[in-house]
Every structure is written in C-alpha cells, then in structure tokens.
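Asks: Chain by chain, the residues:
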Amino acid sequence: MKIFNSDVILGIVVIAGAAVYLWADSRLPVAAMADPLGPKAFPVLVGCGLILSGLILLAEGRKKYRTASGTTHRRRVDMRQVATLCGMLAWTVLYYATFDSVGYLIGTPIFIFGLLCHFHRGKHLVNGLIAIGFTAVAYALFSLLLHVPLPTGPIPI
Amino acid sequence: MESLHGILHGLAVAATPEHLLYTLIGTFIGTMISHLPGIGPSAGIALLIPVTFGMDPSTALMMLAGIYYGCMYGGAVTAILLNTPGDAAAVMTVLDGYPLARKGRAAATLAIAAVSSFIAGTIGVTALAFIASPLAAFALHFGPTEYFGLIFFALSTVSALTGDSLGKGLLATFLGLGLATVGIDLQSGVQRFTLGLVSLQDRVNFLIVVVGLFAIAEVSRMVEGTMGGTLHTVKVKGRLWFTREDWRRAYPAIFRGAGVGFFCGAAPGLGGTIASMLSYILEKKISKHPEEFGHGAIEGVAAPEAATNADTCGAFVHLLALGVPGSGATAVIMGAFIMFGIQPGPMLFQTQPDLVWGLIASMYIGNMMLLVLNLPLVGVLARILYVPPGVLLCIILGIASAGVYSFNYDSFDLFLALVFGVLGYAFRKLDIPKAPLLFGLILGHTLEQSFRQALTISNGDAFVFVQSPICAFLLFCGLVSIGASLWARRQPATVLDEAKGRVAAESHSG
Numbered sequence: 002m003k004i005f006n007s008d009v010i011l012g013i014v015v016i017a018g019a020a021v022y023l024w025a026d027s028r029l030p031v032a033a034m035a036d037p038l039g040p041k042a043f044p045v046l047v048g049c050g051l052i053l054s055g056l057i058l059l060a061e062g063r064k065k066y067r068t069a070s071g072t073t074h075r076r077r078v079d080m081r082q083v084a085t086l087c088g089m090l091a092w093t094v095l096y097y098a099t100f101d102s103v104g105y106l107i108g109t110p111i112f113i114f115g116l117l118c119h120f121h122r123g124k125h126l127v128n129g130l131i132a133i134g135f136t137a138v139a140y141a142l143f144s145l146l147l148h149v150p151l152p153t154g155p156i157p158i
Numbered sequence: 003m004e005s006l007h008g009i010l011h012g013l014a015v016a017a018t019p020e021h022l023l024y025t026l027i028g029t030f031i032g033t034m035i036s037h038l039p040g041i042g043p044s045a046g047i048a049l050l051i052p053v054t055f056g057m058d059p060s061t062a063l064m065m066l067a068g069i070y071y072g073c074m075y076g077g078a079v080t081a082i083l084l085n086t087p088g089d090a091a092a093v094m095t096v097l098d099g100y101p102l103a104r105k106g107r108a109a110a111t112l113a114i115a116a117v118s119s120f121i122a123g124t125i126g127v128t129a130l131a132f133i134a135s136p137l138a139a140f141a142l143h144f145g146p147t148e149y150f151g152l153i154f155f156a157l158s159t160v161s162a163l164t165g166d167s168l169g170k171g172l173l174a175t176f177l178g179l180g181l182a183t184v185g186i187d188l189q190s191g192v193q194r195f196t197l198g199l200v201s202l203q204d205r206v207n208f209l210i211v212v213v214g215l216f217a218i219a220e221v222s223r224m225v226e227g228t229m230g231g232t233l234h235t236v237k238v239k240g241r242l243w244f245t246r247e248d249w250r251r252a253y254p255a256i257f258r259g260a261g262v263g264f265f266c267g268a269a270p271g272l273g274g275t276i277a278s279m280l281s282y283i284l285e286k287k288i289s290k291h292p293e294e295f296g297h298g299a300i301e302g303v304a305a306p307e308a309a310t311n312a313d314t315c316g317a318f319v320h321l322l323a324l325g326v327p328g329s330g331a332t333a334v335i336m337g338a339f340i341m342f343g344i345q346p347g348p349m350l351f352q353t354q355p356d357l358v359w360g361l362i363a364s365m366y367i368g369n370m371m372l373l374v375l376n377l378p379l380v381g382v383l384a385r386i387l388y389v390p391p392g393v394l395l396c397i398i399l400g401i402a403s404a405g406v407y408s409f410n411y412d413s414f415d416l417f418l419a420l421v422f423g424v425l426g427y428a429f430r431k432l433d434i435p436k437a438p439l440l441f442g443l444i445l446g447h448t449l450e451q452s453f454r455q456a457l458t459i460s461n462g463d464a465f466v467f468v469q470s471p472i473c474a475f476l477l478f479c480g481l482v483s484i485g486a487s488l489w490a491r492r493q494p495a496t497v498l499d500e501a502k503g504r505v506a507a508e509s510h511s512g
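If you read the sequences in order, they're chains A and B. Per the numbering used here, the first sequence runs over residues 2 to 158. Per the numbering used here, the second sequence runs over residues 3 to 512.
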C-alpha cells in the first residue's frame, strides 16, 4: 500500500473521471443540422487530455516514490480543523437551502452570528452587532443601490 | 504615433470626475484587499464585480483594473510587516523586506516598495500602450486557425509553468476546458453534460467559479490560520523615507525589475511570482553584496516589487490586444468584459477606442493615486491587519453569497459556488494550481469554436493547423514550453522555496 501516494490516487481518480466524461460524450445525440465535426469531437480531445494528465500524475507519483526511496510523506491531519470545516460547510449548506424561504434579512444575520460565535468567541454583543450591521449594509448595497432582488422571505417589503 | 494619440485621448477620457473617482475607489479597495491575508486580486475583483452592475463599462473596468494593480501594489505591506505576502507575487519581498522591518527600517522599506511600484507601473503602462496597439493591428489578420494556435500556446504555457507539477497543471487546464463544454452547444443546439439541470444549460458562469475557487476556498485557509499559529506584526516606525544610499542601490534594480516583470507579464502563464523570483535572482547574481540578500538588502525589495507591478501591465497586453488573459486576475477581468457584452481582442482598439485607451490611461492616474495613498496612509492602512481573521472570514462568506446570488438571482448558483469552494480547498491541499482552470474555462469556448471553424473551412483536413505559419509557430512554442518544463523542472525555484519556507516557518513558530 506504500506506493499509493496522493499523486497516484489523484491520477487514478482523474483517469476514471475522464472515462465517465468520454462515456457521457459518446451518448450525446448527433444533430442533423450541426457542423461536420459536431458537438462530440471537442469533448473527446478534452477527455483524452484528462487521461494524459492522469497518466503524467501516475508517472510523477512513481518518480516521487522512487526518489523518496519507498517512503511517503504523510501530512498531519488536524481533526479539529477538519471538524470545524465540515461544520462550517453544513451551516453554509443550511443557509443556502433556506436562502429563498427564510429571506436574506433573517437568514444572513443568523448565519453570520452562528459563524462568529465559533470564530470570534465570547463577544456575543459585538458579534450580534457585526451580524446585523453587515446584513443591513449588504442589503442596502445590493437591494437598494444595485437593485438586486434579494429574497425577502416572510418579511413583507 | 498612433499610440501617443491614443494615450492623450485616453487621458482625456480617464480624467473626467466620474472616472477619477472610480479609479480612486478601485485602487483604494485593491490596496485594502492586499492587506487581507488570503484574499488575492482574483477573488477581490470577482467579489466586487456585482457592485459594477449598472455602471458604465468603462467606469467599471477602470475600477476593476484599479483593484488589480492596487492589490499588487499593496501586497508588499503584509510581506514587509507581517512576513506574509498579501498576494502570491509578493512572496519574494518577504526575503529582505521582513528582515529590514525587524531592523527598525519598516517605514523606509515600505517607501522604497511604493516608489519601486510607481516607477515600474508607469514604465509598464507606457510599454503596454506602445505594444498593445500594433499587436492588435497584427492580430486583425488572425483567422480561426491562428486563434486556435494562440489559445493552445497560452494554455500550454500556463499548464507548464504554473505550479510544481506538469500533470497537475494539465489536469487543471483540462478540467477548465471540460467545464467550458457544459451547456447547450450553440452550433448544434445539443445539451452537453448538464445533468438535466436547467441552470447549467447556459454554461457554467465563470464568475461563480472564480468566487468559489478563490473567495470561498480561501475562507478555509483563514479557518486554518485562525486555529493555527499567530501572526507577528512589525510596527511601522522610523522615518517614512529612504536614504540617499538606499536610492543609489535601489534605482538600477527598479529599472531591471520593471523590464523583467513586463516581459514575464506579456508571456501568458508566467505571472507575477515568476517575475519577482527572476528579478530577485538577477539582482542577487549581479550584486556586489550578494551575501546581504536574505538578510535585508534594499535591492531585494525594490526589484521584486518593480517586477510584480510591471508584470500587471504586461498581463494586459494579451488581454486587450489578443483577447487572451495573461494571468488569473486578468482572466477575471476578461470575465467582466464579457459580462458587459464586450469581447476583448484586436477589434477592441477599433470598436471601443474610448474604453481601451481610457483604461490604459487610467492606469497612469491610478499609479499616481497609489503613491499618494500608500506613502502617507501606510500606517493607517496597516491597521486592517489587526481585524480578527475570524470576523473577516464571516464577512467574506457573506459578501460572496450575496455577490453570487446577484449574478442570476438563482439560489442554485450559491450551491454551485460552494461546490467550487470545496474544489478549491481540494486544489490547495493537493497543490493543484487554480489559474489554469480559469484559463481553460474562459478560453475553452473560443478554442472549441476556432477548432471547429478551422476544420470546417478545411473540409476536415487537420494539417490546416500546420499550414498556417503563425499557427504552426504558436503550436511549436506551446510544445517547447511543455518540453522545457519537463527538461528543467523548477531549477531556479530554490529561491522561491526559500521564501515560501521562511513564510511557513514564521507562521508556525508562533
């Protein structure tokens, strides 16, 4: 298992992805009115290029393995950071999923305040003011000044 | 002569109160962005593109260009005071800038960086004005075959020279090209790789990809920074001007750095980091005091700063004259051009002389504004460094979300940006360069059209690409750049590694 460094794994994933891309390209319909080359030709070149880059990654991975005389450098993974990033991702997905229904003016301060509670701990009053202040400024800029119709949710504006 | 008339005409356009105001806003925002560790020019421009909705295109592009060169200008501040480059290109400034600051010469070092940037920026804009127009006139003769060769050259150079691995550079480029094939094919009407999603029929929005890859992904870096080490800021103290001896040593380095930087910028894919690295190596090689480099040589600040700023102007040569971006940030600016319905390229000088010459002339004015802004306000601007990263990352996420929504008023785009944010995080962890993906995405459509048109005209004869001398030459140059990168893989990168190593060591020592 030592041989599987990150470049080799990446190379294998890229080749597999390129195969799926080429398979999807082969299933595209051919339009009768299209140009002689059609919509399939260029993606074939891109797919072949992806396979080529995957093969180069495999070769580079092998070379790294050899020059490192069989040892691979393992990066230390900070599980606390990973957990924080996953939590942040989930919180962002929830914010985006409710973006239309909850509305910008309600969803954004809750989202920002939630993040600040973790990244700027113990300063709840300041965090609350930042969350509300940011939302007000961003809403004024985008909705009132730039006329971007940000979702209002249940607030009748 | 035509260029001189163009500059004078451009100055008249750029000197209107509205254009002056937005150039000032752009340069100021760019300087502020450069003070925020993690947010580079590409992300900064992409985040602010929504603000330009409804603006006159000339005004908007002057502001966005101002953000770009303002960012490059101010990147030195964090490099000198914080030992952390404000943008990737300022990494070489760390080597001598930070030691000088620790010797109590922070103010003088910042002053020499500002003056170097101003002189090199002015030289760069002048060179841009005199080169872009004739190049555009020459490019008017380009057909689809030549455009295919040109884009092939740009993509192969950026794949070969960006990052530490050819495989990863090519992977990013082909991923970008693959993304460019998503959506309805305009020639046949066939839906390609849309996964049945209506929102993807109109292709993947370039600006959403940029916000995801750069802004949202960079938030993850800030999270790691917040939870990792601490940053040690050197206070700005001492006389805010340099000595006669400093100037005597710095000014030849500034002119050499400007030359190296402009040529690196004009070659697509080389970018500011390589420009600053080459100029640093050059100065060290020809210096009478090479032993001082790395310990506080003033030339080690002047040359890379000059190169970085001249590189910015060089990157605009391709964008304005050929419609091919010269760097990641100019790729984002090209996205803004397209958003305004303007196709950059050789016709731009014919169809939009006010815009193109106004934009070039605004760079002269912007450079002067930056000098005036940076010298007296450096102490004030440096206070941005004390904004807690935890607060900053929340604000960046908030701006990115509202900005992405404003492109199409579609919450699907938010998820798309998040997907690209995760992809950007994976790219960073796997050391895959992001700029080639941007190049592939923004040039992919033109590359495919040129490829299909050339083969349609030649009745499917693939030799058409080598029958045109220009195309054959460009294809040859592209292959040479890939071959060269395979042959001499990053030999001069030892100096760059030294700079990156020092940044990493300092950030972990806390």
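Any given hint could turn out to be false.
[Stated by the list, open to error] Pulled a few chain B residues facing chain A out of the computed Cβ check, cut under 7 Å:
hint	residue
1	I186
2	N410
3	L416
[Claimed, not checked] Cut-off 27 Å, straight-line C-alpha distance, at most; resulting in silico cross-link-like pairs (DSSO-like, lysine-lysine):
hint	chain 1	residue 1	chain 2	residue 2
4	B	K290	A	K65
5	B	K287	B	K105
6	B	K290	B	K105
7	B	K431	A	K64
These aren't lab readings, by the way, just hints derived from the structure by calculation. Using N, Cα and C, we set each Cβ at its ideal position, and we do this for glycine too.
Asks: Of all the hints numbered above, which does this structure not satisfy? Sort the numbers upward.
Replies: 1, 2 and 4
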